[in-house]
Structures are given as structure tokens and as C-alpha cells.
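Residue strings, one per chain:
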Amino acid sequence: MPNVMLRNNAAGQLVFYVTKKDHEETVVALEHAGPGAWGGEMELADGSRFYLEPFDQPPKLPLTVRVKRL
Amino acid sequence: MTMNRQETEQLIQEVLEVYPEATGKQRAKHLMANDPSLEKSNKCIVANKKALPGVMTARGCAYAGAKGVVWGPVKDVLNISHGPVGCGQFSRAGRRNYVTGHSGVNVFNDINFTSDFQEKDVVFGGDKKLAKIISELDTLFPLAKGVTIQSECPIGLIGDDIEAVAKKSARDIGKVVVPVRCEGFRGVSQSLGHHVANDSLRDWVLHGRDDDPGFEATPYDVAITGDYNIGGDAWSSRVLLEEMGLRVIAQWSGDGSIPEMQITRHAKLNLLHCYRSMNYISRHMEEKYGMPWMEYNFFGPTKIAESLRKIAAFFDGAIQENAERVIAKYQPIMDAIIAKYRPRLEGKRVMLFVGGLRPRHVIGAYEDLGMEVIGAGYEFAHNDDYDRTFKELQDGALIYDDATSFELESFVERLKPDLIGSGIKEKYVFHKMGIPFRQMHSWDYSGPYHGYDGFAIFARDMDMTLNNPCWQKLKAPWQRASAETIQAAA
Chain A
1 MPNVMLRNNA AGQLVFYVTK KDHEETVVAL EHAGPGAWGG EMELADGSRF YLEPFDQPPK
61 LPLTVRVKRL
Chain B
1001 MTMNRQETEQ LIQEVLEVYP EATGKQRAKH LMANDPSLEK SNKCIVANKK ALPGVMTARG
1061 CAYAGAKGVV WGPVKDVLNI SHGPVGCGQF SRAGRRNYVT GHSGVNVFND INFTSDFQEK
1121 DVVFGGDKKL AKIISELDTL FPLAKGVTIQ SECPIGLIGD DIEAVAKKSA RDIGKVVVPV
1181 RCEGFRGVSQ SLGHHVANDS LRDWVLHGRD DDPGFEATPY DVAITGDYNI GGDAWSSRVL
1241 LEEMGLRVIA QWSGDGSIPE MQITRHAKLN LLHCYRSMNY ISRHMEEKYG MPWMEYNFFG
1301 PTKIAESLRK IAAFFDGAIQ ENAERVIAKY QPIMDAIIAK YRPRLEGKRV MLFVGGLRPR
1361 HVIGAYEDLG MEVIGAGYEF AHNDDYDRTF KELQDGALIY DDATSFELES FVERLKPDLI
1421 GSGIKEKYVF HKMGIPFRQM HSWDYSGPYH GYDGFAIFAR DMDMTLNNPC WQKLKAPWQR
1481 ASAETIQAAA
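Going line by line, the protein sequences match chains A and B. Residues in the first sequence are numbered consecutively from 1, following our numbering. Residues in the second sequence are numbered consecutively from 1001, following our numbering.
If we strip away everything but chain A, and leave its shape as in the complex, we get (with noise of 0.2 Å):
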């Protein structure tokens, strides 16, 4: 369960940042985008995969989460 930094970049990508390991990652695909649900599996431009409990409304970004390894 890390701890992460969910932030857009000026590309408008998503960034995925674990803050302890100093690792920074773009986020390739989400399984929830749009309002009603924003979340879900997402992977990252790595290959590994990560769960985040989806929110009701897309979150102001940059925003720390704790997501689960898949």
C-alpha cells in the first residue's frame, strides 16, 4: 500500500510519484475517468499496475493517495 502523489504534468499527463522511493511514473491507462467515478486499476507507462479506491468526483489535483499494488 504506497503512498502516492497523483499530479497532472505540463505535458497534461498523469503523473504517478511514490514519494519515499523517489520514482516517478506516468499513468498509461485508468480505469475510471469521468465525473461519477475517477479511479479504479490504473497501469503505468512500467507495466506495473496499481488500485486506487475510486472517488465519487474527479479530485483537485496534486493529491496524495495510498493505492494498492495489483
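Any given hint could be a false lead.
So the derived list for chain A, only partly shown, Cβ under 10 Å to chain B, looks like this [as the list claims (entries may be wrong)]:
1) Asp46
2) Leu61
3) Thr64
4) Val67
DSBU-like, lysine-lysine: derived pairs with alpha carbons at most 35 Å apart [unchecked claim]:
5) Lys21(A) with Lys1432(B)
6) Lys20(A) with Lys1310(B)
7) Lys1043(B) with Lys68(A)
8) Lys68(A) with Lys1050(B)
9) Lys20(A) with Lys1128(B)
10) Lys60(A) with Lys1025(B)
11) Lys1340(B) with Lys21(A)
12) Lys21(A) with Lys1049(B)
13) Lys68(A) with Lys1128(B)
14) Lys1432(B) with Lys20(A)
15) Lys1050(B) with Lys20(A)
16) Lys1427(B) with Lys21(A)
17) Lys1391(B) with Lys68(A)
18) Lys1329(B) with Lys21(A)
19) Lys1475(B) with Lys21(A)
20) Lys20(A) with Lys1427(B)
21) Lys1049(B) with Lys20(A)
22) Lys1049(B) with Lys68(A)
23) Lys1168(B) with Lys21(A)
24) Lys1340(B) with Lys20(A)
25) Lys60(A) with Lys1167(B)
Just so you know, these hints were derived from the structure itself, not from any lab. Because the structure is a prediction, the values reported are computed rather than measured. Just so you know, even glycine gets a beta-carbon here, dropped at the ideal spot from N, CA and C.
We have chain A; now place chain B onto it with these hints.
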């Protein structure tokens, strides 16, 4: 001669042959030939890993990162080196973080405060002594805005509760008291110390004036983050931003102060120079206060112009016009400097081995002078730094992470660079090998190197070092004498 990727990889293999098999295998992961097309470094280079036993590394410790780098330059705090006396004394004032003020009155970063641990403190704990030191310091230096407790190794080992002391003392003296858990044994290098110090700023300092409505913000407020004012670097950067019409409300942490840090949240933009040591707090401020951050580079006219435009693009048209005006004002001066020094430096090859930022940031400045960086390496960079390095460095250049002294010397012997830029630990080794050297951590007692004013000094220093007549005197006259002179003598 410039090497292509195969030749560089060949060279890495040859140098690694000396190591025992297991060590060689580990070290091979830290060395590579540059490929500018790479986006991500995690597949091709391993960084931020523990140095191997038996090799000579140039890294420092977490205390060096927290006390020396991040907290040290803050001018109005009393940094107590909590533990034995040596750590504080040997790191005192070595980094030349310039400040304004009167030492011992309202500026304290050139003084060593220590709790001077003795055997009995290790046995019985040092908390009482620490509380006493803090109240004593408050009496002696009433103008200080805060106290930080920089833990040395024994504090973590004996398990002193410095947080409790900090909380109690803060109430007693009515000032910021920050416990920094930067025991030297934590982490693999000083990089963790930067992180620990950033976290301590986040938890104990940053929110101090959140309820204070007294600050009058303007739409042009910016903060300089990750500039430690080495030899006046932050000042020569600051004047450019001010000329552009921006207002610099805080400097982190060179010539910075506690009140400045606490009003930083009003800035519209966080300008981040040293990404490695201050990205943590920038990311936090972005999340908490919604202030964006931007990396910039103030080494060499090309990169400065690029950065000024990038910064201006964040603001309105007036600032953008001002930026163009500033660039136009300095460009002729820079052209004159380049015209003067470039003929003397053209084509010279440089190898760099510095901390966590400069190996990529100074490349532009060298290229402005017609020089070529053939190898670059970081002492304590992480993978995100290498992601940013590949694009800056030429194809086939050698990249070395946490290079051991053996590797660095072997690479230099083989590549024969004309100039090396590294730290004080490497300096005299390379001097003895007869190679011009600049100390790139604190500019070899020179500086500033940031900004347009800094580039003039940078160019002069590189010329002064490279074209110094002493390098021709390394051979004894009878070894130097050519056949003709011997004939002429006969």
C-alpha cells in the same frame, strides 16, 4: 576524440575487468553509454543504491544533506549539531553559502553550535542537555528566529526523543524548534538527508504563518527554491527575475530565513533550481497551497534565455516583454564574453562528476564556450535525474553513477579529458595526474556561476584553469627538450 556508444561500452567493460565477479556485475549496472533518445532511465541505469563495500565512494551522509545542504544556508536559525563535536566542526562554513547580516547577531550559519556529546551523554541520554542548550542559545542570540536539532549518528542509536524536547522548548522560548532526524547512517547518501530536511520543513516550519493575513501578495510573486547561494548564486539569479518585473519573496535556502519560508505559500510560482534536493517540498506546496513549480537552469546564456522565456510564459504579456528586454540587454555582453574565451576553450573536452544536479545543468554553459562534455556522473542522483540527463548529454558520452575513485581515475586515464569538474576529494588526485581541474561543488572559492553575471565568471575561471601555464611545467626540462634544441646546444 569522441567515442561512439560501442566504444564507450567497450571501455566500461575493460575498466570493470579488475573487479571480482560479483562486484563487477553490480558496478556494471551503474555505468552506461548515453543514448539521447531514451526517455526512462530505470531500464538502463541503477541509481541511489548503497555503495559496495571495499570501493571508494565520494558520497556523504544524511547529516551532510540535511545540515550541510538544506538547513545550513538558512541564515536566521541556530543549527545545533546534536551529537559529538566533529560532524559540525568539519562541515562548518565549507560551502560558502553567502548571506547578508551580522554574524552572531542576526546571522548564524558560519557558527558551529554543538551539544558536544561525551560518554556520559551516550549512557544517560542527551535530552536534558539539549533542552538546556536551546534555552541558553535563546538567551545568547535573541534575534535568532528558530533552532534546529540536526541529529548525528549516536542520537538515533541511543533513541533520544528529540521531538519531545523540540515541542517543549518551542513552547518555552516561543520560537520554531525543528527536530531533524538526519542521523548519518540513514539512507545510502546525502540524498536522504535532503528528503528528511524537506520533511522537517514541511512538518515544523512551513505552516507557521498560515493564519497570518498580513502579507500583501502581488500577482508577480515568485520563490527561488533549491538555490543555496554558493558564492552568491541566488543573488545573481534573483536580479534577473527582478529585472523581469517579478518579485522574489523567498529564497530556499541560500540567504533564506524562517519568515521567508513561511510566506512562500503566497508566491504564484515556485522556481526550482536544484530538483534533487528540493523537489519534495515543492511537490508538497503544490498539493497543499496549489502553487505550481517549474524547473529552470541559469547556467550559460543559452539556458538562461530559455529559462527566462519559460518562466515569463507563466505570467502576462508585460513580463514576457520584459524577459525579451532582459535577454536583449545581456546578449551583447554575453557575446563579447564568448568572443573572448571561446577561441581559447573551443573543442576542449570536459568530464564531470558532481552531486545531483550540476552534471546536467552546466552542460549548456560549457557548450556555449564551445566545449564538449564527454562524460558525466552523479554522486547521489536518483533515476528521475538520469531521465533528465540523457537529453542534455551527447550521444555515446559516458555516464557513471556513484563512480568509485578507481573507475573515475581509469576513465580519465583512457579518455584524457582537458578539464575535470568534480569535488575536493578528487581535485588533488587529478592535479597530480596533470589534468586541469575545477571544483564544481562550491566553485573553487570563486563564483557566482548562476545567471548572466555568473557566466562571465564561469568563462574566466575555465580559461584560467585550462590555459594556466603551470600545466606545461609538469615535465622536467630535459624530458621536454626536443631533438632540435639538443642539436642546437651541441
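Hints, one by one, checked against the model:
1. Asp46: holds, 7 Å
2. Leu61: holds, 8 Å
3. Thr64: holds, 6 Å
4. Val67: violated, 16 Å
5. Lys21(A) with Lys1432(B): violated, 39 Å
6. Lys20(A) with Lys1310(B): holds, 30 Å
7. Lys1043(B) with Lys68(A): This hinted pair holds, its Cα atoms lying about 23 Å apart.
8. Lys68(A) with Lys1050(B): holds, 27 Å
9. Lys20(A) with Lys1128(B): Between Lys20(A) and Lys1128(B) the Cα gap is close to 33 Å, so the pair holds against 35 Å.
10. Lys60(A) with Lys1025(B): The hint is violated at about 45 Å.
11. Lys1340(B) with Lys21(A): violated, 46 Å
12. Lys21(A) with Lys1049(B): holds, 11 Å
13. Lys68(A) with Lys1128(B): violated, 43 Å
14. Lys1432(B) with Lys20(A): violated, 41 Å
15. Lys1050(B) with Lys20(A): It holds: about 16 Å lies between the C-alpha atoms, which stays within 35 Å.
16. Lys1427(B) with Lys21(A): Roughly 32 Å separates the two Cα atoms, so the pair holds.
17. Lys1391(B) with Lys68(A): Measuring from Cα to Cα gives roughly 33 Å; hence the hint holds.
18. Lys1329(B) with Lys21(A): violated, 43 Å
19. Lys1475(B) with Lys21(A): violated, 50 Å
20. Lys20(A) with Lys1427(B): holds, 34 Å
21. Lys1049(B) with Lys20(A): This hinted pair holds, its Cα atoms lying about 14 Å apart.
22. Lys1049(B) with Lys68(A): Answer holds: Lys1049(B) to Lys68(A) is near 25 Å, not above 35 Å.
23. Lys1168(B) with Lys21(A): holds, 32 Å
24. Lys1340(B) with Lys20(A): Violated. Lys1340(B) to Lys20(A) sits at ~47 Å, over the 35 Å cutoff.
25. Lys60(A) with Lys1167(B): Satisfied, since the Cα-Cα distance of roughly 33 Å is no more than 35 Å.
Against the hints set out earlier in the document, violations occur for numbers 4, 5, 10, 11, 13, 14, 18, 19 and 24.
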